[in-house]
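Each chain, letter by letter, is given below.
Number of protein chains: 4
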Amino acid sequence: MSSDVVSEGDTVLLLAPKGVAWLVRVSRGSELHTHLGIIRHDDLIGRPYGSPVESQLGGRLHLLRPSLEDFIMLGERPTQIVYPKDMGLIVARIGAMPGSRVLEVGTGSGALTMFLAAVVAPEGRVHSYEVRPEFADAARRNLERAGLSKYVEIKVRDASAGVDERGVDAAVVDVGDALRVLGAVHEALRPSGGLAVIAPTFNQVERIVSWLRSSGYVRVEAFETTYRRIESKPGATRPSSSTVAHTTFVVTARRTLGGPAPA
Amino acid sequence: MSSDVVSEGDTVLLLAPKGVAWLVRVSRGSELHTHLGIIRHDDLIGRPYGSPVESQLGGRLHLLRPSLEDFIMLGERPTQIVYPKDMGLIVARIGAMPGSRVLEVGTGSGALTMFLAAVVAPEGRVHSYEVRPEFADAARRNLERAGLSKYVEIKVRDASAGVDERGVDAAVVDVGDALRVLGAVHEALRPSGGLAVIAPTFNQVERIVSWLRSSGYVRVEAFETTYRRIESKPGATRPSSSTVAHTTFVVTARRTLGGPAPA
Amino acid sequence: MSSDVVSEGDTVLLLAPKGVAWLVRVSRGSELHTHLGIIRHDDLIGRPYGSPVESQLGGRLHLLRPSLEDFIMLGERPTQIVYPKDMGLIVARIGAMPGSRVLEVGTGSGALTMFLAAVVAPEGRVHSYEVRPEFADAARRNLERAGLSKYVEIKVRDASAGVDERGVDAAVVDVGDALRVLGAVHEALRPSGGLAVIAPTFNQVERIVSWLRSSGYVRVEAFETTYRRIESKPGATRPSSSTVAHTTFVVTARRTLGGPAPA
Amino acid sequence: MSSDVVSEGDTVLLLAPKGVAWLVRVSRGSELHTHLGIIRHDDLIGRPYGSPVESQLGGRLHLLRPSLEDFIMLGERPTQIVYPKDMGLIVARIGAMPGSRVLEVGTGSGALTMFLAAVVAPEGRVHSYEVRPEFADAARRNLERAGLSKYVEIKVRDASAGVDERGVDAAVVDVGDALRVLGAVHEALRPSGGLAVIAPTFNQVERIVSWLRSSGYVRVEAFETTYRRIESKPGATRPSSSTVAHTTFVVTARRTLGGPAPA
Numbered sequence: 013m014s015s016d017v018v019s020e021g022d023t024v025l026l027l028a029p030k031g032v033a034w035l036v037r038v039s040r041g042s043e044l045h046t047h048l049g050i051i052r053h054d055d056l057i058g059r060p061y062g063s064p065v066e067s068q069l070g071g072r073l074h075l076l077r078p079s080l081e082d083f084i085m086l087g088e089r090p091t092q093i094v095y096p097k098d099m100g101l102i103v104a105r106i107g108a109m110p111g112s113r114v115l116e117v118g119t120g121s122g123a124l125t126m127f128l129a130a131v132v133a134p135e136g137r138v139h140s141y142e143v144r145p146e147f148a149d150a151a152r153r154n155l156e157r158a159g160l161s162k163y164v165e166i167k168v169r170d171a172s173a174g175v176d177e178r179g180v181d182a183a184v185v186d187v188g189d190a191l192r193v194l195g196a197v198h199e200a201l202r203p204s205g206g207l208a209v210i211a212p213t214f215n216q217v218e219r220i221v222s223w224l225r226s227s228g229y230v231r232v233e234a235f236e237t238t239y240r241r242i243e244s245k246p247g248a249t250r251p252s253s254s255t256v257a258h259t260t261f262v263v264t265a266r267r268t269l270g271g272p273a274p275a
Numbered sequence: 013m014s015s016d017v018v019s020e021g022d023t024v025l026l027l028a029p030k031g032v033a034w035l036v037r038v039s040r041g042s043e044l045h046t047h048l049g050i051i052r053h054d055d056l057i058g059r060p061y062g063s064p065v066e067s068q069l070g071g072r073l074h075l076l077r078p079s080l081e082d083f084i085m086l087g088e089r090p091t092q093i094v095y096p097k098d099m100g101l102i103v104a105r106i107g108a109m110p111g112s113r114v115l116e117v118g119t120g121s122g123a124l125t126m127f128l129a130a131v132v133a134p135e136g137r138v139h140s141y142e143v144r145p146e147f148a149d150a151a152r153r154n155l156e157r158a159g160l161s162k163y164v165e166i167k168v169r170d171a172s173a174g175v176d177e178r179g180v181d182a183a184v185v186d187v188g189d190a191l192r193v194l195g196a197v198h199e200a201l202r203p204s205g206g207l208a209v210i211a212p213t214f215n216q217v218e219r220i221v222s223w224l225r226s227s228g229y230v231r232v233e234a235f236e237t238t239y240r241r242i243e244s245k246p247g248a249t250r251p252s253s254s255t256v257a258h259t260t261f262v263v264t265a266r267r268t269l270g271g272p273a274p275a
Numbered sequence: 013m014s015s016d017v018v019s020e021g022d023t024v025l026l027l028a029p030k031g032v033a034w035l036v037r038v039s040r041g042s043e044l045h046t047h048l049g050i051i052r053h054d055d056l057i058g059r060p061y062g063s064p065v066e067s068q069l070g071g072r073l074h075l076l077r078p079s080l081e082d083f084i085m086l087g088e089r090p091t092q093i094v095y096p097k098d099m100g101l102i103v104a105r106i107g108a109m110p111g112s113r114v115l116e117v118g119t120g121s122g123a124l125t126m127f128l129a130a131v132v133a134p135e136g137r138v139h140s141y142e143v144r145p146e147f148a149d150a151a152r153r154n155l156e157r158a159g160l161s162k163y164v165e166i167k168v169r170d171a172s173a174g175v176d177e178r179g180v181d182a183a184v185v186d187v188g189d190a191l192r193v194l195g196a197v198h199e200a201l202r203p204s205g206g207l208a209v210i211a212p213t214f215n216q217v218e219r220i221v222s223w224l225r226s227s228g229y230v231r232v233e234a235f236e237t238t239y240r241r242i243e244s245k246p247g248a249t250r251p252s253s254s255t256v257a258h259t260t261f262v263v264t265a266r267r268t269l270g271g272p273a274p275a
Numbered sequence: 013m014s015s016d017v018v019s020e021g022d023t024v025l026l027l028a029p030k031g032v033a034w035l036v037r038v039s040r041g042s043e044l045h046t047h048l049g050i051i052r053h054d055d056l057i058g059r060p061y062g063s064p065v066e067s068q069l070g071g072r073l074h075l076l077r078p079s080l081e082d083f084i085m086l087g088e089r090p091t092q093i094v095y096p097k098d099m100g101l102i103v104a105r106i107g108a109m110p111g112s113r114v115l116e117v118g119t120g121s122g123a124l125t126m127f128l129a130a131v132v133a134p135e136g137r138v139h140s141y142e143v144r145p146e147f148a149d150a151a152r153r154n155l156e157r158a159g160l161s162k163y164v165e166i167k168v169r170d171a172s173a174g175v176d177e178r179g180v181d182a183a184v185v186d187v188g189d190a191l192r193v194l195g196a197v198h199e200a201l202r203p204s205g206g207l208a209v210i211a212p213t214f215n216q217v218e219r220i221v222s223w224l225r226s227s228g229y230v231r232v233e234a235f236e237t238t239y240r241r242i243e244s245k246p247g248a249t250r251p252s253s254s255t256v257a258h259t260t261f262v263v264t265a266r267r268t269l270g271g272p273a274p275a
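Residue numbers (our numbering), protein chains in the order written: chain A, 13 to 275; chain B, 13 to 275; chain C, 13 to 275; chain D, 13 to 275.
Possibly wrong hints are sitting among the right ones.
If chains are identical, the list can't say which one is meant, so a pair holds when it fits in one copy or spans any two.
Using 20 Å as the maximum straight-line C-alpha spacing, the simulated EDC-like pairs for lysine to aspartate or glutamate come out as follows [what the hints assert, rightly or not]:
#, residue 1, residue 2
1, Lys162, Asp55
2, Lys162, Glu135
3, Lys245, Asp189
4, Lys245, Glu233
5, Lys167, Asp149
6, Lys30, Glu233
7, Lys167, Glu20
It is worth saying that the hints were derived from the structure and are not from the lab.
Working from the sequences, and respecting the hints, build out all of it.
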């Protein structure tokens with residue numbers, strides 16, 4: 013069980029009013045500069061999680077352990093990410109379980125990677141491919157902060173030329189042009205395994221669904237989810253007037269023993 | 013790694029056309045009776061996962077390993093359940109991680125329990141309270157089938173009188189009247205821990221949000237998610253005309269060192 | 013002002029519990045047969061609008077004047093229709109006003125036709141083209157019942173060969189393949205006039221938007237609307253769990269003095 | 013039929029790239045100052061509607077006749093307004109038709125008033141009550157610009173003390189506390205007439221629905237609509253990532269011969 017108080021080296025969440033928040037790795041002698049004034053890391057060490065913290069300018073923050081969502085949403089984000097609203101469905105549908113081996117093509121910022129790692133840990137592994145070294149590095153730092161890096165292997169390589177793994181239990185694809193890598197993913201995915209492909213546009217949905225259907229996949233299903241905040245005050249509760257209206261579509265499917273027609 | 017072929021005792025998914033599917037525990041000598049004809053379990057044993065299966069009447073099914081979603085959606089459901097569309101957000105937001113101890117009040121059919129168990133396994137535990145023994149039994153069978161029962165302890169008891177656990181990392185509440193149990197949950201939840209409360213009506217949202225705010229919780233947020241299928245055919249892709257428009261609202265929050273005002 | 017009591021020849025709405033309703037043209041000696049028993053038209057004549065009506069089997073109905081929505085939703089519907097949820101935006105955006113002349117290609121069941129007629133009446137006109145005579149007949153009967161037929165001229169003809177009108181203020185298109193008729197509509201629409209095209213699939217949206225942009229149209233915008241019922245009981249108000257999730261996309265635009273490139 | 017060219021005194025729409033637009037009353041000698049440079053009204057007079065217009069800085073705008081939506085969205089808006097996405101349903105459901113007399117309580121900026129006026133014109137009337145004189149003045153100017161003021165009578169008065177009208181065909185209510193005025197509206201609404209009440213919060217929905225049910229109203233229904241833009245480019249069409257997620261709920265109902273229980 014994690015400690016009840018903050019130690020040097022912890023990554024903590026500092027939560028300001030109105031939902032503003034920072035992920036901070038506590039390091040003796042360091043300072044966090046905010047619009048509420050400076051917060052000295054030395055003042056955090058030894059303090060219990062859940063405590064209020066006063067900033068120099070008298071702002072009131074709270075000291076919290078970061079959740080998986082905090083690591084995802086407040087981590088480095090050099091790329092678009094898959095949002096937590098979609099992760100539950102993806103993970104539950106592709107069959108990722110404790111101990112599973114999951115192939116990921118397109119690590120990006122490592123957002124979905126973190127969620128997958130949390131499910132397969134500690135016996136399973138996420139094998140994740142990323143072409144751009146700077147994205148791979150950001151993802152590694154995000155995973156490290158969340159304590160999940162030991163369940164993930166990131167390879168800086170183009171998966172379209174083929175991947176090393178065979179017989180993985182499940183796979184996710186989040187790259188600009190999924191059709192380039194689906195053949196390689198198919199080779200790696202064991203029969204009955206589940207696949208999720210991120211597809212921001214209708215056009216991608218249509219092409220991916222076609223490829224999967226003609227390659228013997230079953231339960232081919234495309235979907236989108238939405239998230240809407242409810243603003244609640246006593247006697248005046250209503251949906252929020254603003255929201256993210258669309259992030260991405262997702263296509264999910266199950267591999268069978270059949271395969272793609274030869275190109 | 014699980015076997016590539018079906019063995020006696022496996023729980024398999026039999027997928028018929030149009031998305032109809034059955035969870036079947038394979039038992040020598042048994043038969044599954046469907047609208048496509050009879051399928052004899054003996055014909056499944058030794059067959060590779062991902063295989064097509066012919067029914068007596070010539071229907072074509074597929075033999076798949078069940079995913080977590082299959083265990084959730086096709087398990088016994090004596091109660092309303094939390095849907096996978098909401099589970100990712102709940103789990104990521106309350107701070108459930110591999111190794112976490114999570115308190116659940118209102119096991120119901122064990123749907124959310126399964127997802128929580130998959131995340132905390134194998135070191136963590138879900139401590140789940142359910143008043144109705146028949147629900148607890150259904151949940152246990154669902155967890156057993158999904159191979160997740162060893163990470164969950166179900167207690168048939170009313171949590172409003174207090175729970176045994178202290179210092180749990182996170183908590184979820186899904187009961188008819190959440191306000192009856194929030195005090196007991198608060199006692200059990202360690203400071204900084206995350207909480208999610210299922211609230212089907214806006215009236216419940218309002219009361220729960222009020223209780224949490226007045227009890228020192230931060231990041232109190234209510235939301236709803238929606239799921240919409242996209243129907244994709246080459247040249248004719250469109251959102252599905254029917255969907256589940258509302259399942260439930262969810263209220264999430266983080267405990268601080270503060271506490272509820274004495275009643 | 014319409015009469016306060018029902019006269020022979022009136023089209024009335026009979027509303028049963030749970031929202032079941034019938035449009036009935038009152039005719040002496042006729043009967044309406046329902047699951048609540050028989051209702052004799054003679055019993056309706058002379059009765060005030062807004063009255064309760066007992067059926068033979070003791071069911072309680074209400075006698076109402078039909079609204080425009082009733083004429084639209086309970087009229088004959090041999091085709092898919094545009095729903096009232098989209099009509100306000102269409103009408104307001106294309107610039108239909110009292111006195112406008114509006115071109116409609118694809119009368120269908122006359123649903124949108126009715127709404128357009130209600131806005132342009134009594135000085136304006138809707139000129140509506142329909143290839144299938146049986147649809148044109150259904151639309152005429154629907155318009156007649158709603159008292160709006162005198163503001164509409166329906167022509168049973170394929171508009172792709174050209175339309176008779178020139179300089180119309182606004183236009184709507186609701187046919188299977190809008191691209192076949194857009195050239196003819198363009199000829200008829202005065203510069204600055206507004207156009208709305210019904211497009212159930214995203215593929216149609218994409219082609220129509222392309223055509224309009226390359227033909228000098230401005231304010232080219234595609235959208236979809238959704239409608240969700242709220243179920244309200246004292247202390248238990250929530251969104252309905254079922255809804256129509258998608259009916260159609262709509263593309264709207266304004267013509268400029270520019271025109272389509274020659275084919 | 014309106015002229016094909018701009019005359020002094022016309023209210024025109026000047027449309028800049030990216031959807032920015034201005035409503036301009038053309039007046040000899042005046043200038044419009046924009047981020048694209050100055051546009052002299054004298055240059056607009058005599059020019060055909062639908063023309064491109066060059067600004068001083070070389071920006072390209074278009075000269076259009078304003079649509080009803082333009083008058084609604086670009087008019088003066090000292091208050092929240094009802095949006096066109098909700099207007100079609102409201103108008104169709106309450107039974108507003110050409111020639112109807114409609115009572116409106118809460119003119120606000122006159123947005124819904126304009127739409128109602130367009131439907132009932134020229135024989136019908138909208139009788140609209142507004143407590144705040146500055147809102148009434150803004151609404152009058154908006155109606156005037158749209159050419160609809162002659163179908164509307166605005167009274168600067170609190171409707172809760174009672175209204176002058178009796179036997180109106182339909183009514184709409186858009187005030188802070190609808191319950192204060194529903195009694196007066198009920199007195200004015202003829203039996204069978206339709207009513208729509210704007211209710212931004214769930215709590216208002218619940219109270220209004222209760223009042224209506226206990227006052228003999230039928231077809232009591234609450235709803236919300238959403239509007240989502242689709243961004244379409246060849247090969248890359250997707251829903252817009254931002255939208256207005258909630259504007260208001262609307263409650264609609266039909267009056268019967270029954271009435272509210274005495275207070």
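Okay, the hints, checked on the actual structure:
no.	hint	in the structure
1	Lys162 with Asp55	neither (31 Å within a copy, 41 Å between copies)
2	Lys162 with Glu135	both (10 Å within a copy, 16 Å between copies)
3	Lys245 with Asp189	between (45 Å within a copy, 17 Å between copies)
4	Lys245 with Glu233	between (38 Å within a copy, 11 Å between copies)
5	Lys167 with Asp149	within (11 Å within a copy, 45 Å between copies)
6	Lys30 with Glu233	between (38 Å within a copy, 11 Å between copies)
7	Lys167 with Glu20	neither (31 Å within a copy, 38 Å between copies)
Consistency note: the structure conflicts with the earlier hints numbered 1 and 7.
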